[in-house]
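Participant: Each chain, written out:
Number of protein chains: 2
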Amino acid sequence: MTRKGLLLILSSPSGAGKSTLARRLMEWDPSLRFSVSATTRPPRPGEENGREYYFRSRAEFEAMIASGGMLEHAEVFGNLYGSPRAPVERAMEEGRDTLFDIDWQGGQQIRNSALGRDVVSVFVLPPSIAELDRRLRGRGQDSEAVIAGRMAKSRDEISHWAEYDYVIVNHDLETAFAELLTILQAERMRRDRQPGLADFVRGLNREFDAR
Amino acid sequence: MTRKGLLLILSSPSGAGKSTLARRLMEWDPSLRFSVSATTRPPRPGEENGREYYFRSRAEFEAMIASGGMLEHAEVFGNLYGSPRAPVERAMEEGRDTLFDIDWQGGQQIRNSALGRDVVSVFVLPPSIAELDRRLRGRGQDSEAVIAGRMAKSRDEISHWAEYDYVIVNHDLETAFAELLTILQAERMRRDRQPGLADFVRGLNREFDAR
Chain A
1 MTRKGLLLIL SSPSGAGKST LARRLMEWDP SLRFSVSATT RPPRPGEENG
51 REYYFRSRAE FEAMIASGGM LEHAEVFGNL YGSPRAPVER AMEEGRDTLF
101 DIDWQGGQQI RNSALGRDVV SVFVLPPSIA ELDRRLRGRG QDSEAVIAGR
151 MAKSRDEISH WAEYDYVIVN HDLETAFAEL LTILQAERMR RDRQPGLADF
201 VRGLNREFDA R
Chain B
1 MTRKGLLLIL SSPSGAGKST LARRLMEWDP SLRFSVSATT RPPRPGEENG
51 REYYFRSRAE FEAMIASGGM LEHAEVFGNL YGSPRAPVER AMEEGRDTLF
101 DIDWQGGQQI RNSALGRDVV SVFVLPPSIA ELDRRLRGRG QDSEAVIAGR
151 MAKSRDEISH WAEYDYVIVN HDLETAFAEL LTILQAERMR RDRQPGLADF
201 VRGLNREFDA R
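Note that the protein sequences, when read in sequence, are chains A and B. In case it helps, my numbering puts the first sequence at residues 1 to 211. In case it helps, my numbering puts the second sequence at residues 1 to 211.
Simulated from the structure, these hints should not be mistaken for laboratory data. Certain hints may be false.
Claimed, not checked - Label pairs and their computed distance ranges (CB to CB): (1) Pro127(A) / Gln185(B): 19 to 25 Å; (2) Asp199(A) / Ala148(B): 23 to 29 Å; (3) Ala63(B) / Ala162(A): 43 to 49 Å; (4) Phe77(A) / Ser19(B): 53 to 59 Å; (5) Ala162(A) / Ala148(B): 49 to 55 Å.
Computed from a predicted model, the values in this text were never measured in an experiment. Positions of the beta carbon are idealized from the N, C-alpha and C atoms, including for glycine.
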C-alpha cells in the first residue's frame, strides 16, 4: 500500500526566498509535485502557461470555482489566484507529496478543508525588512508603486506567521533549505503517514507465532 | 526567552537498537539531557548508580511515588522502574530537551500527563524477530529463560507501536540514527517550540513602522 501524499504548504512574504526554496526542494525530490496555481493576472515576460501559472480568463476561473475545481482561491490586487483541486487529489492517491507556494489565504483555506489533516505548513520569514526590501528591489523590474504595494502585502502576510506548523527564518539559503528538507523528511516518518507499518507489524507477529 | 525543552520518548522492544540510538543522540547533542530511570532491580555487572539507573530500595522508590516525585512508573518482572520528575522539569525550564529510553507504559503515562503536549514519541521496530532474537543472544549474558521472557515482553511492547508519533524500522543503525536526528531537528523547528519568534516578528513590524 502506498502512503497517502501530504500537502506541504510554503508561505512567506514576497522576497523572503520561498520560491527559491520551493525550486530547490523540487530539484532535490523529483517525486514531489508542484501545485501550479491558476490566475487571472496577465503573464509577465518569460512566464509560461502551465509552468509559473495556468493563465485563465476571469470567466474560466469563476467556472472552476463554481464546479468545485479549486482547492482554495483568493483575490489579490484585483486578480484571482487559486489551486486546482484535481491534480492534488490525484497526487495524494499516488502517494506523492504536493508542494504549494501560496499565501496565507490559500494556506488557511486548505488547512480548514477536508484535506486539512494531510497539511504540513511552513512559514518563511525574512531576516529583516531591510533585507526583504533589498531582495524585492534586486529583481529590478517593478516600479516604486508596485514595490510599496508588495511591502504592504508583505506586512499583512507576515502577520499570519502564527498559523503555521513550522517557521523558518531565512538568514541564509543553505541553512533554510536544510531546515525545510528536515521538516519534509520528518513528516514523512510520522506513523500515520506510513500505512505499510500495520502490515509490517503483522509480519513480526507471524514470526512470533512461528517460534 | 529560551524555548521550553521537549521530551523525546524512545521506546522499542529490547534488542531493537534503542539504547544504541539514544547513546548516539546524546553524543551528537551534548545539550540533551538523558533521563536516568530509577529502579528497584539489582545492578548488573558494570552498571553504575546514577549512570544506567538510580538503584533504589522498594521503600525509597515507593516514597518517591507517594510524594509525586515520579513522572511515570511501572512494575516489570517484579521490579519497579520510573522516571524522576524534578530533573525533567528543571531541564524543560532551561530549554534543554530530555531523552527518555522507556517502555510503552512509561510513554503512555507521560503522554497523558500535564507535560503531554511537550512530548515527541518515537517507536523503534526491529527489521525482523529473527534479527531481534540474534541481537538479544549477542549479549551472551542471559539464560534461555530470561531471553524467552524478554521475547514475550518484546511482543507486548511491539503491540503498542501505534501509540507513537513516529516509527523507525531499524534495518541499519546509520539510517535509523539519521532518521531519529531528523525527527528531533524538525520538532525543534515547530512554531510553538520557538518562543523567540514572537519577539522577532515584533522587530520586523517596528522596521515596517520606521519606513
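Participant: Each hint: holds or not?
Facilitator: Tested hints:
1. Checked against the hint of 19 to 25 Å, the pair Pro127(A) and Gln185(B) passes, with Cβ atoms roughly 20 Å apart.
2. A C-beta distance of roughly 27 Å is found between Asp199(A) and Ala148(B), which places it inside the suggested range of 23 to 29 Å.
3. As the Cβ distance of Ala63(B) to Ala162(A) is approximately 44 Å, the hint placing it in 43 to 49 Å holds.
4. For Phe77(A) paired with Ser19(B), a C-beta distance near 57 Å keeps the hint of 53 to 59 Å intact.
5. Take Ala162(A) and Ala148(B): their Cβ atoms lie about 53 Å apart, and the range 49 to 55 Å holds.
The structure agrees with every numbered hint stated previously.
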